[in-house]
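Colleague: Protein chains in written order, with our numbering: chain A, 183 to 414; chain B, 183 to 414; chain C, 183 to 414; chain D, 183 to 414; chain E, 183 to 414; chain F, 183 to 414; chain G, 183 to 414; chain H, 183 to 414.
Each hint should be verified, as a subset may be incorrect.
So the derived list for chain H, only partly shown, Cβ under 7 angstroms to chain G, looks like this [said to hold, decoys possible]:
#1 Ala198
#2 Ala201
#3 Thr203
#4 Thr215
#5 Leu231
#6 Val328
#7 Ile329
#8 Asp330
#9 Pro359
#10 Leu383
#11 Asn384
#12 Asn394
#13 Val403
#14 Met408
Pairwise CB distance ranges, derived in the manner of DEER restraints [claimed, not checked]:
#15 C:Asn327 / A:Arg333: 55 to 61 angstroms
#16 E:Lys254 / G:His323: 55 to 61 angstroms
#17 F:Arg333 / D:Lys334: 39 to 45 angstroms
#18 D:Ala198 / C:Lys331: 21 to 27 angstroms
#19 F:Arg202 / G:Ser357: 34 to 40 angstroms
#20 B:Pro212 / H:Gly250: 33 to 39 angstroms
I should point out that these hints are in silico values taken from the structure, not numbers from a laboratory.
Heads up, the beta-carbon is just placed ideally off N, CA and C, and yes, glycines get one too.
Number of protein chains: 8
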Amino acid sequence: MAISRANVPFARLDFARKARTGFGETVFGPGKTPEQLASIFAAFAEKRLPVLATRVTPEQAEAVLAAGLKAKYHPVGRLLIAVGEKPRAGNKRFHPVLKGTVAVLTGGTADIPVAEECAGTIEFFGGRAARYFDVGVAGLHRLLNVIDKVRKADVVVAVAGMEGALPSVVSGLVSAPVVAVPTSVGYGAGAGGVAAALAMLNSCAEGVSVVNIDNGFGAAVVACRMLRRLKA
Amino acid sequence: MAISRANVPFARLDFARKARTGFGETVFGPGKTPEQLASIFAAFAEKRLPVLATRVTPEQAEAVLAAGLKAKYHPVGRLLIAVGEKPRAGNKRFHPVLKGTVAVLTGGTADIPVAEECAGTIEFFGGRAARYFDVGVAGLHRLLNVIDKVRKADVVVAVAGMEGALPSVVSGLVSAPVVAVPTSVGYGAGAGGVAAALAMLNSCAEGVSVVNIDNGFGAAVVACRMLRRLKA
Amino acid sequence: MAISRANVPFARLDFARKARTGFGETVFGPGKTPEQLASIFAAFAEKRLPVLATRVTPEQAEAVLAAGLKAKYHPVGRLLIAVGEKPRAGNKRFHPVLKGTVAVLTGGTADIPVAEECAGTIEFFGGRAARYFDVGVAGLHRLLNVIDKVRKADVVVAVAGMEGALPSVVSGLVSAPVVAVPTSVGYGAGAGGVAAALAMLNSCAEGVSVVNIDNGFGAAVVACRMLRRLKA
Amino acid sequence: MAISRANVPFARLDFARKARTGFGETVFGPGKTPEQLASIFAAFAEKRLPVLATRVTPEQAEAVLAAGLKAKYHPVGRLLIAVGEKPRAGNKRFHPVLKGTVAVLTGGTADIPVAEECAGTIEFFGGRAARYFDVGVAGLHRLLNVIDKVRKADVVVAVAGMEGALPSVVSGLVSAPVVAVPTSVGYGAGAGGVAAALAMLNSCAEGVSVVNIDNGFGAAVVACRMLRRLKA
Amino acid sequence: MAISRANVPFARLDFARKARTGFGETVFGPGKTPEQLASIFAAFAEKRLPVLATRVTPEQAEAVLAAGLKAKYHPVGRLLIAVGEKPRAGNKRFHPVLKGTVAVLTGGTADIPVAEECAGTIEFFGGRAARYFDVGVAGLHRLLNVIDKVRKADVVVAVAGMEGALPSVVSGLVSAPVVAVPTSVGYGAGAGGVAAALAMLNSCAEGVSVVNIDNGFGAAVVACRMLRRLKA
Amino acid sequence: MAISRANVPFARLDFARKARTGFGETVFGPGKTPEQLASIFAAFAEKRLPVLATRVTPEQAEAVLAAGLKAKYHPVGRLLIAVGEKPRAGNKRFHPVLKGTVAVLTGGTADIPVAEECAGTIEFFGGRAARYFDVGVAGLHRLLNVIDKVRKADVVVAVAGMEGALPSVVSGLVSAPVVAVPTSVGYGAGAGGVAAALAMLNSCAEGVSVVNIDNGFGAAVVACRMLRRLKA
Amino acid sequence: MAISRANVPFARLDFARKARTGFGETVFGPGKTPEQLASIFAAFAEKRLPVLATRVTPEQAEAVLAAGLKAKYHPVGRLLIAVGEKPRAGNKRFHPVLKGTVAVLTGGTADIPVAEECAGTIEFFGGRAARYFDVGVAGLHRLLNVIDKVRKADVVVAVAGMEGALPSVVSGLVSAPVVAVPTSVGYGAGAGGVAAALAMLNSCAEGVSVVNIDNGFGAAVVACRMLRRLKA
Amino acid sequence: MAISRANVPFARLDFARKARTGFGETVFGPGKTPEQLASIFAAFAEKRLPVLATRVTPEQAEAVLAAGLKAKYHPVGRLLIAVGEKPRAGNKRFHPVLKGTVAVLTGGTADIPVAEECAGTIEFFGGRAARYFDVGVAGLHRLLNVIDKVRKADVVVAVAGMEGALPSVVSGLVSAPVVAVPTSVGYGAGAGGVAAALAMLNSCAEGVSVVNIDNGFGAAVVACRMLRRLKA
């Protein structure tokens with residue numbers, strides 16, 4: 183049975199999204215049953231379109247793969263990606279390769295899932311992500327060891343929880359724009375990422391802008407919108 | 183008497199800043215006496231360097247101009263700018279002209295001072311700012327009337343107070359990165375820009391990152407860091 | 183055994199409520215055991231009165247239906263509705279048909295349960311609800327596609343989470359009063375609906391009033407109180 | 183010299199607003215110099231259009247009147263109103279008389295300025311406002327003394343600060359929709375209207391929706407949008 | 183085996199508490215294993231002393247009773263009470279009967295567990311509690327029906343969640359002191375009892391003081407300290 | 183000219199208040215012009231009734247006294263008191279002398295104005311206030327020096343800012359009910375009395391209830407309602 | 183198979199940490215699988231280094247012990263400690279014995295897990311911890327009974343939830359620095375430790391500094407850094 | 183006329199404070215009239231005792247000096263210090279010289295007043311303060327330039343506003359305890375020092391404890407309590 187729009191009544195899939203905004207449709211995993219996610223992936227497969235789902239649980243991923251759909255699950259970043267079927271001869275790649283590089287940094291190891299959500303999304307959209315994890319400010323030598331490489335990136339995404347100091351320190355050391363991602367890592371006063379988010383908005387360093395707590399995907403889209411301009 | 187570092191003990195002026203981060207030193211006006219601001223401008227004038235001061239009151243500006251220093255005051259954006267003396271023959275412009283354009287939008291007229299702080303800063307750093315003011319979402323026709331021009335910008339800065347919905351609506355209509363600036367315009371619950379800041383961090387539209395409340399200067403630096411990459 | 187007031191000691195059922203306020207009694211499901219909810223429905227059945235329960239879990243609904251009571255469960259809106267036995271000849275309908283229409287909009291698909299709670303409640307009280315779901319501001323074309331129909335409604339209920347911008351945009355496009363319902367959809371800073379609620383209270387658009395987070399039922403009552411005046 | 187759009191560069195006046203939304207343009211006073219407000223009133227006078235300004239200080243009002251413009255200042259409600267020149271023969275009244283009545287209640291005497299902003303705005307838009315002030319819940323006899331009259335209104339606006347209980351109590355006694363206006367009256371914990379606003383959003387009584395703190399104007403627009411439907 | 187202080191190392195039991203403060207020791211149930219609670223009750227039994235435990239789960243209560251200790255579990259108020267063995271001839275009652283009455287009111291049925299915690303504690307300490315439940319302000323007739331009886335109480339405890347208006351309304355109708363207990367009943371903005379607590383602290387009615395959210399026990403102690411003075 | 187109700191249109195004076203609630207009318211000073219306050223005092227003088235105004239500025243007090251009205255200003259507690267003319271022969275005192283004593287404690291000297299508002303109000307209502315100021319917990323010897331006297335009071339009012347620990351410590355040392363008054367003394371995190379108010383609501387000591395920040399008047403009414411019961 | 187850095191890819195273990203900061207590496211348990219924790223302990227065992235893990239669940243501890251690794255689990259303080267193999271002849275103890283003593287106090291029994299995390303960490307780093315538990319301010323005699331011993335300590339750690347008054351009272355009685363640890367013990371307003379943390383930051387007593395809520399480990403490191411200076 | 187305790191009724195001066203806690207009495211300037219401050223300084227002068235007043239305005243200082251009292255005003259740190267008259271022969275210095283050094287760092291120049299309050303207080307109590315100002319993390323080279331000197335201090339006080347990252351970065355580079363002082367420098371979200379305070383409490387670096395916002399005095403006392411132990 184062909185899967186069509188009518189079979190996915192719980193979501194308005196936007197197959198024409200790339201035409202409007204330059205990037206294909208993506209799906210937010212939470213709140214969808216494994217079956218619903220499988221239906222969505224089937225609908226995109228039918229149209230030979232790529233699709234990215236975020237915050238996907240192993241159970242959800244298994245349901246999609248068990249339905250015989252081609253997709254790859256990235257458990258750390260909780261991404262499920264279907265790259266789309268090969269375009270026919272003469273067709274261009276769905277998401278053309280983006281110029282430039284995004285450096286994705288984390289303060290600690292607990293921030294890695296958010297950073298992988300970001301890096302994986304960048305790669306899905308055709309960008310290049312260079313990972314520099316666990317380089318938080320409490321052990322400054324870790325950041326200084328990699329800073330020369332980070333300086334070569336066109337955009338820096340700095341992911342950090344707790345006191346959220348990483349973007350401030352990094353932004354003073356590079357000339358690229360820094361997208362700060364507060365994470366919900368931490369506890370006590372300011373838990374849930376509030377302390378980190380406030381700190382990043384109050385950064386004493388210039389060149390920092392902030393996305394929502396744990397929103398690695400959002401940082402990736404901001405970064406890719408920047409990269410896309412490099413082609414112009 | 184020559185003005186030197188020792189004469190400005192209340193601030194560490196960073197004359198070599200551009201060498202490190204690509205943009206010249208700037209000064210935050212609040213908390214400085216008119217005399218202190220005049221001393222700072224004199225120190226830069228002595229070195230023939232440009233300098234930008236933000237949040238400058240008319241009294242502060244008057245003190246600088248009364249000291250015979252060359253500077254221009256922009257009262258709406260509260261900027262005081264000294265462009266620096268002409269570089270000697272063969273020298274390059276201090277802030278080379280940046281490629282591309284930044285569209286600066288505001289929701290209402292009360293947001294204009296923050297937007298002018300942003301636009302004036304962009305221009306100080308060599309960028310081009312296209313202003314689209316009073317295009318808030320409560321009268322959608324205003325935004326739709328200019329959206330085709332906004333789409334041509336390489337970066338969009340969306341400045342809005344109250345419910346802060348402008349960046350979400352704009353980001354769904356353009357493909358450039360959107361830097362959202364919440365303003366303290368509004369009152370009651372969520373006053374001081376809190377409602378707008380939270381709304382922008384929670385934007386349902388992709389491609390939005392946020393700077394601190396009323397931080398037009400910060401948005402300008404983020405935008406110019408992006409523009410600078412266009413040269414690469 | 184007849185079920186009487188004395189058999190439902192955990193709640194003061196108000197069988198005369200409609201005489202006072204125009205609408206029949208309703209029940210808030212959370213905190214009640216399935217058996218308690220069944221007892222309540224039995225008490226109303228005994229009096230041939232209609233009753234609406236909100237936030238009803240499938241387990242609660244099953245208990246009521248298993249007790250042989252006539253009721254219909256709406257799983258998306260989590261409503262359990264007993265329409266009451268047919269009034270005897272000459273009697274009027276319990277909730278007379280209300281004039282006018284309420285347009286119920288949602289920003290995203292995740293807001294639909296709250297919107298269905300609202301729409302189903304409107305219908306229980308004799309009103310007409312026109313549903314326009316997933317028309318959030320990040321993809322403005324979706325709203326513009328339906329706005330002409332929305333303009334014909336006598337009341338608009340706008341349900342949205344995250345940045346809660348939908349009521350502001352809608353209210354600028356219609357002349358009916360807009361009841362805004364923030365939802366707890368979203369995460370991070372301002373999660374739990376706080377960002378949406380603050381944004382809606384700070385709406386730059388005139389004509390918006392707000393109910394509590396996720397309170398689709400409350401918006402329905404406000405809307406129906408408006409509709410009822412249309413008969414005067 | 184004719185006053186034209188070009189002479190009021192600090193604000194986009196919307197002379198065609200009524201055509202779109204049914205009510206004429208209004209102006210928010212704060213942040214405007216007395217001269218700017220006079221210019222705005224002159225621009226409307228030139229077009230023989232009515233205009234309402236809110237939160238107007240005595241100094242602002244004096245500047246408008248000193249410029250020879252016809253307007254009436256209501257100091258308690260801080261409204262400045264120009265009713266517009268008489269329309270020519272055959273022309274309809276700018277804001278046609280609205281059917282029905284809005285009851286405007288306050289908890290205490292300190293809430294009266296917000297209530298007068300609301301009542302005066304209702305009257306500007308052609309509605310009828312019945313005032314019931316100082317009927318707060320701490321002395322219940324005051325409310326019970328007037329409740330029979332309040333019950334006859336088509337909309338109730340309940341204005342209260344401190345614990346904000348008035349809308350809950352009123353809504354249980356009437357069948358009309360209740361628009362709750364929290365005020366910043368009070369001090370200590372929950373000061374600035376936060377306690378009242380939260381209480382109103384959490385009202386245990388059905389039929390209550392809420393506008394921003396001190397937003398008497400906003401409540402008036404919501405009420406008038408309801409009244410306008412009564413004509414249909 | 184005799185139970186002694188050394189056997190209850192996880193808590194410092196204060197057997198001499200009544201000598202100091204007039205009321206016997208009480209125990210906060212949460213965080214204690216069923217076995218620990220049984221040990222505590224055994225320690226008091228050994229000394230023939232009464233003891234009250236609050237927030238006791240059915241599992242905890244069962245463990246105490248299964249250990250053969252004399253105690254009575256009140257499931258609604260979640261109290262476990264051992265009244266102590268009969269004092270020897272000539273001894274006075276441990277908690278002498280207090281003069282006067284405490285009226286315990288609730289706004290809704292969901293507030294009853296907190297009110298029962300309060301009423302049961304009052305009775306444990308020798309006081310008299312008169313219960314008036316589900317008399318919230320949204321249906322004012324319920325309160326007015328019982329207010330004459332409430333007026334006879336020496337202290338009024340008013341328990342309410344959501345907007346927490348009950349103490350304000352009651353305090354205007356009685357001359358006794360009113361102890362307000364906010365409950366965590368409600369959801370959305372101000373959930374967890376925050377809206378109710380703020381409202382109660384901001385009560386426009388005189389004579390109201392407030393205890394912590396859901397703290398029925400605390401209100402009981404305040405009330406009994408008042409009652410005890412009636413003997414002087 | 184006789185002053186009558188019609189001459190005080192800005193306030194509903196309640197001359198019959200004592201008949202209903204046992205205590206005479208009181209007036210909240212802020213927001214009233216000196217002339218308005220004088221009119222209010224004149225209206226009470228005309229009826230030979232006592233009246234108490236709180237939060238009265240020296241300017242307000244001067245206006246009342248300059249109008250020839252008999253009143254006494256207490257500048258520390260910011261109270262203005264008119265005791266009323268002598269009742270005619272056979273008439274009872276307006277506020278009969280209350281039995282018992284209220285101990286009023288402060289943590290520091292900065293809390294004294296709030297404590298004097300409380301003590302002066304108690305005395306106005308016929309009660310006896312024993313003052314123990316500057317006995318905060320940081321220097322415990324100060325409290326221990328006076329605790330034996332405090333123990334004799336029938337009610338304890340504990341006034342404290344900053345961390346608000348005084349009521350907890352005191353309540354563990356006395357058997358009377360403790361009314362806690364948080365003050366806005368302090369700065370930084372939790373400023374404005376928020377830290378103190380939260381601490382008092384979370385008191386680990388039993389027998390504490392809380393009024394609003396800086397609400398010395400409110401604590402006095404609670405205390406006097408308790409004292410009045412001592413007569414029964 | 184030897185365990186090496188490459189086998190623990192989820193964490194950057196810092197075996198050289200002591201050389202830099204004086205104390206060995208520690209591990210935060212939450213978010214790590216039992217297997218991951220076992221790998222980490224194996225990596226340290228291979229290098230004969232001691233390691234401390236905090237917030238360790240019984241399941242995690244069991245996994246480490248089941249892997250045959252030498253470690254001791256402290257269930258109350260939730261610490262898992264491997265003291266490291268005996269250094270070879272001539273080698274010094276890894277963490278040399280620190281001079282001085284840290285007094286660790288708690289307000290209640292529910293604060294003990296946080297206090298044990300603190301005391302156990304101090305002992306791991308070579309310090310001496312003297313425990314004084316359940317000495318909260320509601321029963322002041324408990325604190326006064328032990329204060330002479332507490333005065334002999336070189337640092338005092340005061341652990342308390344609810345209103346967090348303990349550090350204020352203690353700091354006024356001792357001359358050593360007081361490290362305050364707010365705990366999440368409590369409920370209602372200010373729950374999760376917020377009230378305690380705010381109170382401690384606002385302490386009216388001098389000599390108090392504060393760590394994050396429930397951060398017994400952090401207080402231990404601060405205390406040990408102080409103790410280490412005693413050797414100088 | 184001799185000044186005695188009776189002449190300073192507005193404050194309980196504690197002349198014996200040093201005997202109890204090791205440091206002399208200090209005075210909080212705000213809320214005291216210039217005359218009151220002069221009286222306090224006179225009372226200490228009479229007893230030949232030193233005294234320190236914090237947050238002293240120029241007007242207050244002038245009043246003390248104009249009264250002929252020996253004191254020195256430090257305008258940046260807003261301290262007024264009377265060192266006390268020379269002790270008689272054989273007497274020891276009031277505050278004996280403390281061993282060790284406190285490094286006092288600031289992030290920016292706007293933090294200097296708080297840092298000078300701290301450094302001046304340390305010096306008053308006999309300690310040595312080494313100042314390292316304007317070494318914030320946005321320009322890391324500034325901190326790295328001085329870190330070798332900072333490492334030699336026995337205690338580090340890190341003063342910073344905005345995102346408050348300085349203590350985290352410093353604590354990872356030194357082995358001494360770090361006392362973090364958030365300042366109210368900054369604006370927008372998290373203004374007033376809230377963002378900095380939360381960040382410091384959530385520091386990912388070990389060894390950091392926090393005092394209240396802008397509380398340079400408090401940090402000094404904590405540091406001096408540590409230094410005093412170095413003598414033991």
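Colleague: Hints numbered earlier in the text: which of these fail when held up against the supplied structure?
Modeller: Failing hints, ascending: 1, 2, 4, 5, 6, 7, 8, 15, 16, 17, 19.
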